[in-house]
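Chemist: In case you want the letters, here they are:
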Amino acid sequence: MQLPEGSRGSRILAFGGYQPANVLTNETLAGTVDTSDEWIRSRVGIESRRLAGPDESVADMAVAAGGKALAASGLSAADIDLVIVATCTPEVMIPNTAATVATRLGINAPGAYDLNAACAGFCYALGTASDAVRAGSSRNVLVIGAEKLSQWVDWTDRSTCIIFADGAGAAVVSPVTEPDAGPGIGPVVWGSDGGMADKIYIADRNSYIHQEGQAVFRWATTALHPVALKACAKAGVDPASLAAFVPHQANLRIVEAIARKLGAPQALVANDIVHAGNTSSASIPLALSRMIERGELSSGDAVLLLGFGAGISYAAQVIKVP
Amino acid sequence: MAMTEQEIQTGLGEIVDEVAGVPADEVTPEKSFVDDLDIDSLSMVEIAVAAQDKFGVEIPDDELKNLKTVQDVIDYVRRAEVSA
Chain A
1 MQLPEGSRGS RILAFGGYQP ANVLTNETLA GTVDTSDEWI RSRVGIESRR
51 LAGPDESVAD MAVAAGGKAL AASGLSAADI DLVIVATCTP EVMIPNTAAT
101 VATRLGINAP GAYDLNAACA GFCYALGTAS DAVRAGSSRN VLVIGAEKLS
151 QWVDWTDRST CIIFADGAGA AVVSPVTEPD AGPGIGPVVW GSDGGMADKI
201 YIADRNSYIH QEGQAVFRWA TTALHPVALK ACAKAGVDPA SLAAFVPHQA
251 NLRIVEAIAR KLGAPQALVA NDIVHAGNTS SASIPLALSR MIERGELSSG
301 DAVLLLGFGA GISYAAQVIK VP
Chain B
1 MAMTEQEIQT GLGEIVDEVA GVPADEVTPE KSFVDDLDID SLSMVEIAVA
51 AQDKFGVEIP DDELKNLKTV QDVIDYVRRA EVSA
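The listed protein sequences derive, respectively, from chains A and B. Sequential numbering from 1 applies to the first sequence in my numbering. Sequential numbering from 1 applies to the second sequence in my numbering.
With the rest of the complex left out, here is chain B (with noise of 0.2 Å):
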C-alpha cells in the first residue's frame, strides 16, 4: 500500500500540526524542521510516533538526527514502505 510523496507530505502536515501547532500547508519539503519550522528534538519525537501509527513504519530515536527536512522524512517512509 505504497503511499505517493503528496500523500506522505499531507499526512506528515496533519502530525506537525497536531503536535506542534505548526500550519500543516507550512510543511513543504524544503523546509528543515529545526530552523525553518522551530520545532525541536522533543516535538520530532511525537512526530516519529504518530508517523509510525500512521504510515506504519518505525522510525527508532537514533534515527531521528538523520531527519533534517520535511523531505528527509518523505523519502524515509517511501523507503521503508518499499521493503516491507
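This is chain A alone, in the form it adopts within the complex (with noise of 0.2 Å):
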C-alpha cells in the first residue's frame, strides 16, 4: 500500500458570498410579532437580514456563493477536484447538495459531500478542506457554507424568527506552492458536547427551530474563549498579533463577550450579524468575504474564525487572508 503525497501547507485562495434580494426589516417583525427595532438591535444587533425566494433553494444559494470564490480564486471549474457543503437546512436528505452543486458549476466529478455541523459547518469544513489537501487526498476544494433556514422558523415565534437568516459564503482551499510560504489555514480545534443537545434542535422534518437562547447565551460566552485560544496556540498566533475575529454571527452580544476575553484588543471583531442576521454555517464565509470586499482586511493578516452551534459542536482555527 502507499499513501499520496500531499503539501506542506494549505491556504485559502478566495472567499464569496451571496445574500438573497429579498430584506427583512426589524420594522416588518414589529408588525407580525411583539417585537421592536430597538429591543432587536440591543438584544441580537440586527438591523436587517435576507430571506431566499419561495423557489430559491440552499443549493441555489451555494452555487452563487461557490461561483464567485471559484472566479476570484483564479481556478478553473476543472481544477477542483473536491466539494464540500456544509448545510444543516438541506431541502432533502438524498441526494446531497454537493453534487448537484459541483455539476451546476461545471465541476466534473469531484468527491462530494455534505456536512452538517450546524453553525459550527464552514469551520469543520475547512478542517476538513485544509486536512484532505494536506495529505494529498485533494489539491483544490471548494469549500460552502449555505443554509435556508427561514424554511425552518415559525414566523410567529419571536424569540427565533428575528434572528434566523438565509445565506452562502465560500472559499478555495489549495495546496501552499510557495516554498518560503508558512501555512495558511492553521490547525483545527473542534469538540462537542452532546449532553446540550436539547438547547438548539428541530424536533421533527415537520417542526421548527426550536432554541433556549439563555442556556446558549451563558454557554457560549464562558465555554468558547478557550477553544479560540486553543486554536490561537496550536497555530502558535499570539492572540495580540490578530487582525480580526470572525466568530459565528450568532448574536451581537455573544460575538462581543467572547471577543472581550481573547486579549486580542486591536483585533477588528466582525460583526455582518447586522446586516445578515443568524445565518448558520454561512454566517463565517459570509462575513469574510464582506470584509475583504470593503477593505477591511489585508493579504496576508492572521484571522481567527470560531464555528459554534448546535450539537452542541463547535471548531476554530486560525487563517491568512488571501
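Hints in this document: simulated from the structure, not taken from any laboratory. Computed from a predicted model, the values in this text were never measured in an experiment. Warning: the hint list may mix true and false statements.
So the derived list for chain A, only partly shown, Cβ under 8 Å to chain B, looks like this [said to hold, decoys possible]:
{"no.": "1", "residue": "41"}
{"no.": "2", "residue": "42"}
{"no.": "3", "residue": "43"}
{"no.": "4", "residue": "214"}
{"no.": "5", "residue": "215"}
{"no.": "6", "residue": "217"}
{"no.": "7", "residue": "218"}
{"no.": "8", "residue": "221"}
{"no.": "9", "residue": "222"}
{"no.": "10", "residue": "257"}
To list a few chain B residues with every Cβ distance to chain A over 10 Å, as calculated [to be verified]:
{"no.": "11", "residue": "6"}
{"no.": "12", "residue": "9"}
{"no.": "13", "residue": "10"}
{"no.": "14", "residue": "11"}
{"no.": "15", "residue": "14"}
{"no.": "16", "residue": "17"}
{"no.": "17", "residue": "49"}
{"no.": "18", "residue": "54"}
{"no.": "19", "residue": "57"}
{"no.": "20", "residue": "61"}
{"no.": "21", "residue": "68"}
{"no.": "22", "residue": "71"}
{"no.": "23", "residue": "76"}
{"no.": "24", "residue": "78"}
{"no.": "25", "residue": "79"}
{"no.": "26", "residue": "81"}
Virtual Cβ for every residue (Gly too), placed ideally from N, Cα, C.
Both chains are sitting in their own frames, so use the hints and assemble them into the complex.
Modeler: Here it is as C-alpha cells:
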C-alpha cells in the first residue's frame, strides 16, 4: 500500500458570498410579532436580514457563493476535485447538495459531500478541506456554507424569527506552493457537547427551530474563548497579533462577549450579523467575503475563526487572508 | 473567606462596568438592574457568570429573575458564602 504525496500546508485562495435579494427589516417583524426595532438591535444586534425566495434553494445559494469564490480564485472549474457543502437545512436528505452544486458549476466528477455541524459547519468543513489538501486526498477544494433557515422558522415565535436568515459563503482551499510561504490555514480545534443537544434543535421534519436562548448565551460566553485561544496556540499565533476575529454571527452580544476575553484588543471583530442575521454555517464565510470586499482585511492578515452551534458542536482555526 | 457587603458591592460594580459599561460607582444597593441601571436579561447572565468567577458562588439562570436589585445580589452572595 502507498500514500499520496501531500503538501506542506494549505491556504485559502479566495472567498465569495451571496445574500438573497429579499430584505426583511426589524420594522416588518415588529408588525407581526411582539417586538421592536430597538429591542432587536440591543438584544441581538440585527438591523436587517435576507430571506431566500420561495423557489430559491440552498443549492441555488451555494452555487452563487461558490461561483464567486471560484471566479476570484483564478482557478477553473476543472481544477476543483472536492466540493464540500456545510448545511443543516438542505431541502432533501438525498441526493446531497454538493454533487448538484458541483455539476451546476461545471466541476467534473469531484469528491462531493454535505457536512452537518450546524453553525460550526464552515469551520469543520474548512478543517477537513485543509486536511484533504495536506494529505493529498485532494488538490483544490471548494468549501461552501449555505443555509435556508427561513424554511425552519416559526414566524410567530419572536425568540427565533428575529434571528435566523438565509445566505451562503464559500472559500477555495489549495496547497501552499511557494517554498518560503508558511501555512495559510492553521490546525483546527474542534469539539462537541452532546449533553446540550436539547438546547438548539428541530424536533422532526414538520417542526421548527427551537432554541433555549439564555442557556446558549451562557454557554457560548463562557465555554468558547478557551477553544478560540487553543486554536491560536496550536497555530503558534499570539492573539495580540490577530488582525480580526470572525466568529459565527449568532448574536452580536455573544460575539462581543467572546471577543472581550481573547486578549486581542486591536483585532477587528466581525459584526456582519447587523445586515445578515444568523445564517448558521454561511455566517463566517459570508462575513469574511464582505470584510475583504470592503477592504477591511489585508492579504496575509491572521484571522481567527470560531464556529459554534447546535449539537452542541464547535470548531476554530486561524487563517491567513488571501 | 466571607466578604463584607462593601467588598461585594465593589466587586459587583467592577463586573457591571465591564459587562454593561455602567460606571462602578453607580452600582449602589438600592438600584434596580433593569429600571435604574438599564441592564437587560442577557447582561444579567454575563454578570452572573462573572460573579461566579469573582465570588465563587453559583448563580443559575433560574435564580436570576429573583435578583432585581444590587442589594439582592449582595444578599445572595453573602448567603451562599455562609452556607459554603
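Chemist: Next step is simple, just say for each hint if it's right about the structure.
Modeler: For each hint, the structure was consulted:
Contact between residue 41/A and chain B, as hinted, is not supported at the beta carbon level, the nearest pair being about 12 Å apart and thus beyond 8 Å. Checking residue 42/A against chain B: minimum C-beta separation of about 7 Å stays under 8 Å; hint holds. The beta carbon of residue 43/A is positioned within 8 Å of a beta carbon in chain B (closest approach about 6 Å), and the interface hint is therefore held. Interface hint status for residue 214/A: upheld, as the beta-carbon distance to the closest one in chain B is roughly 5 Å, under 8 Å.
The closest approach between the C-beta of residue 215/A and any C-beta of chain B is roughly 7 Å, which is under the 8 Å cut-off, so the hint is satisfied. For residue 217/A, the interface hint holds, since its Cβ comes within 8 Å of a Cβ in chain B; the closest pair sits about 5 Å apart. Look at residue 218/A: its Cβ gets to within about 5 Å of chain B, closer than 8 Å, so that hint holds up. Taken as an interface hint, residue 221/A checks out: its beta carbon lies about 6 Å from the nearest beta carbon of chain B, inside 8 Å.
Look at residue 222/A: its Cβ gets to within about 5 Å of chain B, closer than 8 Å, so that hint holds up. With a cut of 8 Å, the hint placing residue 257/A at the interface with chain B holds, because the nearest CB-to-CB distance is about 6 Å. For residue 6/B, the non-interface assignment is confirmed: its Cβ lies about 27 Å from the closest Cβ of chain A, beyond the 10 Å cut-off. The Cβ of residue 9/B sits about 23 Å from the closest Cβ of chain A, beyond the 10 Å cut-off, so the non-interface label holds.
At roughly 21 Å from the closest C-beta of chain A, the C-beta of residue 10/B stays outside 10 Å, upholding its exclusion from the interface. Residue 11/B, annotated as away from the interface, keeps every beta carbon of chain A farther than 10 Å; the closest lies near 18 Å. Chain A leaves residue 14/B outside its interface by the beta-carbon criterion, the shortest separation being 14 Å against a cut-off of 10 Å. With a least CB separation of 12 Å from chain A, residue 17/B remains clear of the 10 Å interface cut-off, as annotated.
Interface exclusion of residue 49/B from chain A breaks down, the closest Cβ pair being 5 Å apart, not more than 10 Å. Chain A leaves residue 54/B outside its interface by the beta-carbon criterion, the shortest separation being 14 Å against a cut-off of 10 Å. The beta carbon of residue 57/B sits about 15 Å from the closest Cβ of chain A, which is more than 10 Å, so the claim that it is off the interface holds. Under the 10 Å C-beta cut-off, the non-interface status given to residue 61/B relative to chain A is violated; the minimum distance is some 5 Å.
Interface exclusion of residue 68/B from chain A stands, the closest Cβ pair being 17 Å apart, more than 10 Å. In this structure residue 71/B is separated from chain A by more than 10 Å, as the shortest Cβ-Cβ distance comes to about 23 Å. The non-interface label for residue 76/B is consistent with chain A: the shortest C-beta to C-beta separation is roughly 17 Å, beyond 10 Å. Every beta carbon of chain A lies more than 10 Å from that of residue 78/B, the smallest distance being close to 23 Å; the non-interface claim holds.
Distance to chain A confirms residue 79/B as a non-interface residue, since its nearest Cβ pair spans about 22 Å, more than 10 Å. With a least beta-carbon separation of about 21 Å from chain A, residue 81/B lies farther than 10 Å from that chain, consistent with its non-interface assignment.
Figure legend: structure checked against the earlier numbered hints; hints not met, in rising order: 1, 17 and 20.
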